[in-house]
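**Student:** So the chains spell out like this:
There are 4 protein chains.
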Amino acid sequence: MSPRDQGLLLPDHASLVVHGRDQPGIVAVVASVLARHGANIVALDQHSDDPAGGAFFQRTVFHLANYAACHPLLEQELDAALAEDFDLEWRFTDLSVPKRVAIFASKSDHCLLDLIWRQRRGELPMTISMVVSNHPDMAEDVRGFGIPFFLVPTQDKAAAEAEHLRLLQGNVDLVVLARYMQILSSPFLEALGVPVINIHHSFLPAFIGAAPYRKAKERGVKLIGATAHYVTEDLDEGPIIEQDVVRASHRDSAAELARRGADVERQVLSRAVLWHCQDRVILHDRQTIVF
Amino acid sequence: MSPRDQGLLLPDHASLVVHGRDQPGIVAVVASVLARHGANIVALDQHSDDPAGGAFFQRTVFHLANYAACHPLLEQELDAALAEDFDLEWRFTDLSVPKRVAIFASKSDHCLLDLIWRQRRGELPMTISMVVSNHPDMAEDVRGFGIPFFLVPTQDKAAAEAEHLRLLQGNVDLVVLARYMQILSSPFLEALGVPVINIHHSFLPAFIGAAPYRKAKERGVKLIGATAHYVTEDLDEGPIIEQDVVRASHRDSAAELARRGADVERQVLSRAVLWHCQDRVILHDRQTIVF
Amino acid sequence: MSPRDQGLLLPDHASLVVHGRDQPGIVAVVASVLARHGANIVALDQHSDDPAGGAFFQRTVFHLANYAACHPLLEQELDAALAEDFDLEWRFTDLSVPKRVAIFASKSDHCLLDLIWRQRRGELPMTISMVVSNHPDMAEDVRGFGIPFFLVPTQDKAAAEAEHLRLLQGNVDLVVLARYMQILSSPFLEALGVPVINIHHSFLPAFIGAAPYRKAKERGVKLIGATAHYVTEDLDEGPIIEQDVVRASHRDSAAELARRGADVERQVLSRAVLWHCQDRVILHDRQTIVF
Amino acid sequence: MSPRDQGLLLPDHASLVVHGRDQPGIVAVVASVLARHGANIVALDQHSDDPAGGAFFQRTVFHLANYAACHPLLEQELDAALAEDFDLEWRFTDLSVPKRVAIFASKSDHCLLDLIWRQRRGELPMTISMVVSNHPDMAEDVRGFGIPFFLVPTQDKAAAEAEHLRLLQGNVDLVVLARYMQILSSPFLEALGVPVINIHHSFLPAFIGAAPYRKAKERGVKLIGATAHYVTEDLDEGPIIEQDVVRASHRDSAAELARRGADVERQVLSRAVLWHCQDRVILHDRQTIVF
Chain G
0 MSPRDQGLLL PDHASLVVHG RDQPGIVAVV ASVLARHGAN IVALDQHSDD
50 PAGGAFFQRT VFHLANYAAC HPLLEQELDA ALAEDFDLEW RFTDLSVPKR
100 VAIFASKSDH CLLDLIWRQR RGELPMTISM VVSNHPDMAE DVRGFGIPFF
150 LVPTQDKAAA EAEHLRLLQG NVDLVVLARY MQILSSPFLE ALGVPVINIH
200 HSFLPAFIGA APYRKAKERG VKLIGATAHY VTEDLDEGPI IEQDVVRASH
250 RDSAAELARR GADVERQVLS RAVLWHCQDR VILHDRQTIV F
Chain W
0 MSPRDQGLLL PDHASLVVHG RDQPGIVAVV ASVLARHGAN IVALDQHSDD
50 PAGGAFFQRT VFHLANYAAC HPLLEQELDA ALAEDFDLEW RFTDLSVPKR
100 VAIFASKSDH CLLDLIWRQR RGELPMTISM VVSNHPDMAE DVRGFGIPFF
150 LVPTQDKAAA EAEHLRLLQG NVDLVVLARY MQILSSPFLE ALGVPVINIH
200 HSFLPAFIGA APYRKAKERG VKLIGATAHY VTEDLDEGPI IEQDVVRASH
250 RDSAAELARR GADVERQVLS RAVLWHCQDR VILHDRQTIV F
Chain R
0 MSPRDQGLLL PDHASLVVHG RDQPGIVAVV ASVLARHGAN IVALDQHSDD
50 PAGGAFFQRT VFHLANYAAC HPLLEQELDA ALAEDFDLEW RFTDLSVPKR
100 VAIFASKSDH CLLDLIWRQR RGELPMTISM VVSNHPDMAE DVRGFGIPFF
150 LVPTQDKAAA EAEHLRLLQG NVDLVVLARY MQILSSPFLE ALGVPVINIH
200 HSFLPAFIGA APYRKAKERG VKLIGATAHY VTEDLDEGPI IEQDVVRASH
250 RDSAAELARR GADVERQVLS RAVLWHCQDR VILHDRQTIV F
Chain A
0 MSPRDQGLLL PDHASLVVHG RDQPGIVAVV ASVLARHGAN IVALDQHSDD
50 PAGGAFFQRT VFHLANYAAC HPLLEQELDA ALAEDFDLEW RFTDLSVPKR
100 VAIFASKSDH CLLDLIWRQR RGELPMTISM VVSNHPDMAE DVRGFGIPFF
150 LVPTQDKAAA EAEHLRLLQG NVDLVVLARY MQILSSPFLE ALGVPVINIH
200 HSFLPAFIGA APYRKAKERG VKLIGATAHY VTEDLDEGPI IEQDVVRASH
250 RDSAAELARR GADVERQVLS RAVLWHCQDR VILHDRQTIV F
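Residue numbers (numbering that gives the first Met the number 0), protein chains in the order written: chain G, 0 to 290; chain W, 0 to 290; chain R, 0 to 290; chain A, 0 to 290.
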């Protein structure tokens, strides 16, 4: 069974992500600590953006019998080995445990339903804890899958965000905005304390503001794209996780461009969510390293 | 032999492009005139962006024995048939005659050499009349192919454009900017009187100004693109002919991104030049119809 | 509203497909008959594989007020105009009427559910008359959408095909095999009398027989593909409608290759079904012309 | 400067590829030996096809001041550390040294010229030691680049292979068949002792034998592909390094399909050659691991 065997949870497997200033010896220290505990490394990716003091990134997936029990000691030893000599951040992720995800949606259902079906089919290592929407339209569909649906109107933004926090805090590891057409405030993002992934359409060249597909049509673009990114306080400017495009032509109406865009949006979003849930994405400044 | 048998000139074949306000009956009139002259339609594309008075576009490729001799009468009849009842523009293009093309380049050779090799291999229905550059670097390579090379320094922009006009006027049907890093003035474009195609890098999102690949690297883009477009007075804002992208990752340095960009640039540019030389591109407002 | 405005039915729009030996004048005759009836051509594609007596293909989409009422007379005139002078086949398709489709499935649900969701979202101009399966697994899901589900076991192949005919004849315009793992007999296909579209995985190079993804894994393929085709008596050898691929690598287990294959299968199948329902596919010998 | 900064040779950088049966501790041993010598790991990829005794693959790129001088001792220590406890194969590659490559070609020039231009532009970390052909057609072009051209007729196959060995042995690290239309014998491949990379067209489904593009045209394929692979005694059955496809349609003649195929062939071949020269490809049974 491969660690990329996506969607299947991996018993007694965990990932270790290490991130910081590059220095000789990091890989050796990490590998030694893991080997000492009898962990077998099954995948290892490492990247350095400049060996002379640049940033260093490493993701290791290992198998360790009885990981849950061994984990505290392993963490303690790694802390001792790394923290003193190196100035690094690291995190362990138990790959046998699904991420708990909340999906936010508005009226468009294509991204929401795609995530639900993929999760149900075992293609995403996550559970869907709830769907939150500012429209009642999809309540029945969502509840038909046995997933809680919460309607939170957004006319009063402060009240809505308070309600969101009440629903989410402690309950989820990730929030996915599946074409949720509301801006999240910086204080909300800070209070939330878990990552938020968003999907938005992308064009060459970019079309900003309302009615992007109409503008793209008028400009005769030949490609329609989508970008999945982490949400930061700068709307649509967060670190990019994944992007893709599909071809378009003069034959496509603005409505057809939007439909093609929907197709590529849901593919890009599902890949970004998968990779995040597999702990394969490392944030660094305004970019991501995706192993 | 198919009309898409690209790069081979087609004896006794011509294309007719018709463009204007959509009205019932246009296709019938065009087809009847062609049929009366014994022309056999071998390809026909038609597009209407709104049947209720929108814009109408048609490209017909036909075979007509002895086209060169029959052409004046054919044109006269079509003029009579169309001009009176319909408010349309049209043009014939003799597909047995190669386009005469000037290529402008600066220091990057990837697009220039790609066009030269493709032309030499018979993949483009054109002759390369000359290469014009503001740098002497590629003189020897270009002349090695038997193509005239003209060095026109651009320190004095007015003098340079005057020299460009002297070289080009009457001699070429198309100018291709193959990574030519100089802006062409509006008066120059007007005096030139033939289309100009440019290639430039494109990103999702867009990075404006200098060092785009460095900016793209900092932002962690996952796609690198290129756009070929007709040059208008708005730099890089002309009607798009073709676009494409390649994938990128955190492993790619800014230099590697630029090399991948070069690969996609030359592919996109060669497709745009091919389609233009086959008379398959129709300009309409700020967009193109590519049949 | 464009004729490519896929999924939306087009009131008072129809397509005319003409197919036969190429001769001068066909386009003119067709266009004249349509113009005489006041039809406005909104899209026209034409292809000739050899102007000197090769095969000719034309698809015309036109708007004609009150098409349903005018249609018989239009057909009669076209018959008179074409049948006597030209040896051609043609067909009209009313683009305001959805195709009636039966979907056959076995245990895999990815293609079936993708078609159901797209149809529900208005992306496919069709109704789903029924789902037929040799396994009961998906009965509940399918019926949850209000679609009849029929379980037809296939241990007794003759009995199964008799039951299939009883269900389908007169009720459907198209059968889609959405990963239906049973071979249809030639007599059945003949008796059925409507087209059947199938989807199957495809590889470079091809892997025939059982466990194709395992074989592809062993051989280290870098691309995973899918092919949608019309079903003929030669299994998996029918005329190809659409194909596509996704990248793969050594990191992907055979199970992951199968999941990626599932993704591309459903995309390819949905495009093939869409184009068929829009009457954009013309069969010719062992190939298709897709306008 | 990144180790993926392709085409630029990397002073004092080397790669270490390790390959064998997976066992816990390999990564730690390798990393420790490198760290002890002051080597800084700048890239590390590791793959295990089954942690429970499957195959293990690792590629490490490291910077080590004065690598050429330190190398023998490093190798000796690694040998001691790995050979006794683990049953592994490994190899070092000095990334500051270009590979010496011979290109074999016949009459088609697209792959040959693409490699020459890319090498000249610094996109490939290799030198082209010679071009060998069974046709004189390209002698002048090749020699114009300052590259030796050897004409070796192949009527007498044994004599030709003897001449090939005389030219190649000791002089090259890699042979690239750039559309060389002759089969190499098993004894020749064995005597040669360096890898051979070939490019061939690929289709979905596969068309075997002569005139593949005509067959693909008759079958109406929608994709045209190419596969680069190592040459083994089974013609066209060697381990795949890279594959790609381009779209095709009914509009494309067999000649146009061949031209599109040529475009994808040269892209796929140049990527395979690049990755091989960067020592990123590991052979394993009938497949490759490409890091």
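Errors might be hidden in some of the hints.
It does not matter which identical chain is meant; a pair holds if it fits inside one copy or across any two.
[To be verified] In silico SDA-like links for lysine to any residue, alpha-carbon gap of 25 Å or less:
{"no.": "1", "residue 1": "Lys-156", "residue 2": "Asp-93"}
{"no.": "2", "residue 1": "Lys-106", "residue 2": "Gly-143"}
{"no.": "3", "residue 1": "Lys-106", "residue 2": "Gln-22"}
{"no.": "4", "residue 1": "Lys-106", "residue 2": "Val-289"}
{"no.": "5", "residue 1": "Lys-214", "residue 2": "Gly-53"}
{"no.": "6", "residue 1": "Lys-106", "residue 2": "Leu-72"}
{"no.": "7", "residue 1": "Lys-214", "residue 2": "Phe-56"}
{"no.": "8", "residue 1": "Lys-106", "residue 2": "Arg-119"}
{"no.": "9", "residue 1": "Lys-214", "residue 2": "Val-195"}
{"no.": "10", "residue 1": "Lys-106", "residue 2": "Gln-154"}
{"no.": "11", "residue 1": "Lys-156", "residue 2": "Glu-76"}
{"no.": "12", "residue 1": "Lys-156", "residue 2": "Leu-191"}
{"no.": "13", "residue 1": "Lys-106", "residue 2": "Arg-120"}
Keep in mind that the hints were calculated from the coordinates and are not lab data. None of the values given here were measured: they were computed from a predicted structure.
**Student:** Pop the pair Lys-156 and Leu-191 into one bin, within, between, both or neither, using alpha-carbon distances up to 25 Å.
**Tutor:** For Lys-156 and Leu-191, only the intra-copy Cα distance (15 Å) is at most 25 Å; the inter-copy one is 57 Å.
**Student:** Are the CA atoms of Lys-214 and Gly-53 at most 25 Å apart within a copy, between copies, both, or neither?
**Tutor:** between (41 Å within a copy, 17 Å between copies)
**Student:** For the identical chains here, do Lys-106 and Gln-154 meet the 25 Å Cα criterion within one copy, between copies, both, or neither?
**Tutor:** within (16 Å within a copy, 45 Å between copies)
**Student:** Quick one: Lys-156 to Glu-76, C-alpha cut-off 25 Å, is that within a copy, between copies, both, or neither?
**Tutor:** The answer is neither: 46 Å in one copy and 65 Å across copies each exceed 25 Å.
**Student:** If the cutoff is 25 Å on CA atoms, where do Lys-106 and Val-289 land: within, between, both or neither? Let me know, please.
**Tutor:** Intra 30 Å, inter 34 Å, cutoff 25 Å: neither.
**Student:** Is the C-alpha distance from Lys-106 to Arg-120 at most 25 Å within one copy, between copies, in both cases, or in neither?
**Tutor:** Intra 24 Å, inter 12 Å, cutoff 25 Å: intra and inter.
**Student:** Up to 25 Å between alpha-carbons, please classify Lys-106 paired with Arg-119: within, between, both or neither.
**Tutor:** both (21 Å within a copy, 15 Å between copies)
**Student:** When Cα atoms must be at most 25 Å apart, do Lys-106 and Gln-22 count as within-copy, between-copy, both, or neither?
**Tutor:** Cα proximity of Lys-106 and Gln-22: none, with 49 Å in one copy and 38 Å across.
**Student:** Since the copies are identical, ignore which copy is meant and state whether Lys-156 and Asp-93 lie within 25 Å (CA to CA) inside a copy, between copies, both or neither.
**Tutor:** neither (36 Å within a copy, 49 Å between copies)
**Student:** 25 Å Cα cut-off: does Lys-214 pair with Val-195 within a copy, between copies, both or neither?
**Tutor:** Between copies only: 24 Å across, 28 Å inside.
**Student:** Pop the pair Lys-214 and Phe-56 into one bin, within, between, both or neither, using alpha-carbon distances up to 25 Å.
**Tutor:** Answer is between: at 20 Å across copies they meet the 25 Å cutoff, but 40 Å inside does not.
**Student:** How would you classify Lys-106 and Leu-72 at a CA-CA limit of 25 Å: within, between, both, or neither?
**Tutor:** Neither, since 48 Å and 45 Å both go past 25 Å.
When each numbered hint is compared with the structure, violations occur for hints 1, 3, 4, 6, 11.
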